[in-house]
Amino acid sequence: MKIVIIGNGIAGNKVAFSLRERDKQSDICILSAEAYPEYDPCSLPYFLGGEVARKDLFRKKSVDYQQHGIELLPSNKAVSIDPDAKKVTTGQGAEIGYDKLVLAHGGDLFFPPIEGIRSEGVFNCKQLSETEKLKAHKGRRAVVIGSGAIGIEVAEALKKMGYEVFIVELLGWILPTLFDETTARRLEAALDGYGIQVFTGEKVLRIQGDPKVTAVLTDRREIPCDTVVVATGVVPGTGLAKTAGIETGRGIKVNKKMETSVPDIYACGDCVETFDACTDETAMFQLKHNAIEQAEIVARNILGENASYLGAYAFARTHFFATHAVTFGKTMRATECLLGKSELIERENGKDYLRVVLLNGRVIGGQAIGRYADAAGLLIGAMWRKDDMDRLRSNWRQLPSSGAVSFWPAISLAQLLDPNNRL
Amino acid sequence: MEIRREQLLIDPEKCTGCGRCLMACAMQHCGSVNPSLARIKILPLPSHEIHVPVICMACEDAPCIKVCPMNARLRQANKTVVTNADVCIGCRACVYICPVGAPAIIPYTCQTMTCDLCEGDPAGLWCVTACDEGALTISKSDRLTSDKTRARARLARLDTKPV
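In order, the protein sequence lines correspond to chains D and R.
The first sequence stops at residue 423 when you use our numbering, and every number in between is there.
The second sequence stops at residue 163 when you use our numbering, and every number in between is there.
Just to be clear, a hint being listed does not mean it is correct.
Derived coverage of chain D by chain R (criterion: at least 3 residues anywhere in the stretch with Cβ under 8 Å from a Cβ of chain R; other residues may be distant) [unchecked claim]: (1) 37 to 45; (2) 261 to 275; (3) 289 to 297.
Source of the hints: derived by calculation from the structure; they are not laboratory data.
Ideal placement from N, C-alpha and C gives every residue a C-beta, glycine not left out.
Taking the hints into account, I'd like the entire structure generated from these sequences.
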């Protein structure tokens with residue numbers, strides 16, 4: 001059996017190496033658009049900030065592929081798929097036949113339609129080659145457009161490199177999809193304290209300067225700068241799937257076995273549209289842990305197991321300097337449009353802050369800053385199990401302390417949610 | 001399914017919260033009796049008059065390995081999961097995703113650390129030795145209700161009651 005995997009990211013590699021672990025016979029081939037062995041895009045901002053060496057970015061070396069009998073074709077971007085002839089065509093014109101095909105090429109950086117976005121001095125932090133260009137660039141004032149997790153991490157890295165850093169966010173608050181306004185305002189204040197200026201609710205109209213960037217013009221102000229980093233998010237790559245006639249929505253559509261609408265083609269990672277594990281609604285969480293889990297399911301299904309994906313979940317943390325925050329599940333804003341009785345539990349203690357979103361007495365999301373964040377795992381567990389918090393809050397004092405091995409997480413959780421309890 | 005050879009068991013009913021295990025742990029790993037360098041945390045639950053020693057249980061399908069942005073969480077030969085201090089950036093993703101919040105934070109470097117079962121120290125597990133109350137014990141996996149023993153039980157049932 002010949003298995004071709006398009007994409008040499010976290011998902012693609014996980015599929016390849018999981019397959020090889022279980023099946024020593026099949027031919028496995030990875031098509032990579034980039035020239036490197038697998039590296040971790042999550043670490044790129046830390047490489048930029050100098051916290052990790054370049055060699056530590058790589059999860060695999062070229063020899064690892066050889067040792068496992070996996071053929072890696074670097075700098076070979078797949079451009080089209082012919083599902084009838086079972087062939088993939090690459091940018092170099094080569095045709096590669098397959099028995100099973102896996103699409104794991106991830107997403108593409110979203111470039112907002114801003115004048116001057118291709119000027120000299122505009123960078124991104126999505127790929128290693130781009131990050132290296134940014135690292136080699138010498139500048140003093142940087143504007144980060146977009147304040148998602150990557151935007152914040154890049155801003156911190158640039159600050160550490162000695163830049164004066166500004167963040168421009170179109171929506172009302174930073175990390176808008178991950179955090180609610182209250183939490184985000186606290187993080188914003190923390191960023192401000194570290195000398196990173198944040199402008200929210202501002203639209204970038206133009207990047208000025210030709211050919212070199214001189215300023216960013218927003219609808220409220222002009223920010224002189226010599227470096228611009230675009231961190232406006234990633235859109236799933238669906239172009240390739242469309243050449244094969246695969247059904248797509250926001251991303252490539254897959255069933256619970258991670259099969260696409262075309263037989264013998266699977267998809268996983270950032271390029272798929274999946275569903276939320278806790279609410280079952282269609283969702284896109286382009287996060288590392290989801291990619292790894294999806295890839296595992298693909299590998300097992302290719303080998304004939306009947307493995308079913310449990311769903312993706314939102315879990316993200318952000319940290320800059322000494323501020324640590326975590327978010328999971330749904331935000332209060334995303335809950336407002338759901339039917340049912342929603343409830344918000346907030347606790348604060350100085351700089352520490354906790355926010356738990358309940359729907360009909362069940363945890364469906366939460367955010368925490370500082371010490372409260374350490375207990376996030378208990379809340380995530382309750383969310384997964386759909387524990388009844390109303391019941392827990394009424395009976396936790398009566399829970400038996402003998403046999404407490406099974407009860408202490410519940411007791412601990414109840415104390416966390418009880419506003420009268422000191423923590 | 002492969003199972004661990006050894007598993008640390010905790011018994012909150014016996015734990016008095018004395019903190020001797022913390023000091024033993026810090027001594028074994030850092031050569032200092034500073035409890036803040038221990039890989040064990042003691043969570044007091046005064047409402048129920050118990051103390052819970054919280055230790056990394058090295059989950060079979062450990063979520064911390066998946067969420068770490070630096071791939072610093074590594075499964076070792078003895079099945080424990082430890083943090084690679086060379087690449088850990090102290091983001092605490094492993095603490096937040098952990099079902100019990102087990103990873104401890106090294107105060108000097110802000111990196112995380114978890115139980116490595118003293119990595120084959122011939123003197124055994126220092127925390128188990130230090131605990132006079134028997135709240136921490138080491139168990140060989142055949143005493144646990146693992147998948148293997150469940151499978152064995154199922155087989156035994158089939159033996160006695162042929163279908």
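Q: Check, residue by residue, whether the stretch 289 to 297 of chain D contains three or more positions whose beta-carbon lies closer than 8 Å to a beta-carbon of chain R, and give the verdict.
A: Check passed, 3 qualifying residues.
(Q) If you count the residues of the stretch 37 to 45 of chain D with a beta-carbon closer than 8 Å to a beta-carbon of chain R, do you get 3 or more? (A) holds (count 3)
Q: Check, residue by residue, whether the stretch 261 to 275 of chain D contains three or more positions whose beta-carbon lies closer than 8 Å to a beta-carbon of chain R, and give the verdict.
A: violated (count 0)
The structure fails to meet hint 2 from the earlier list, while all remaining hints are met.
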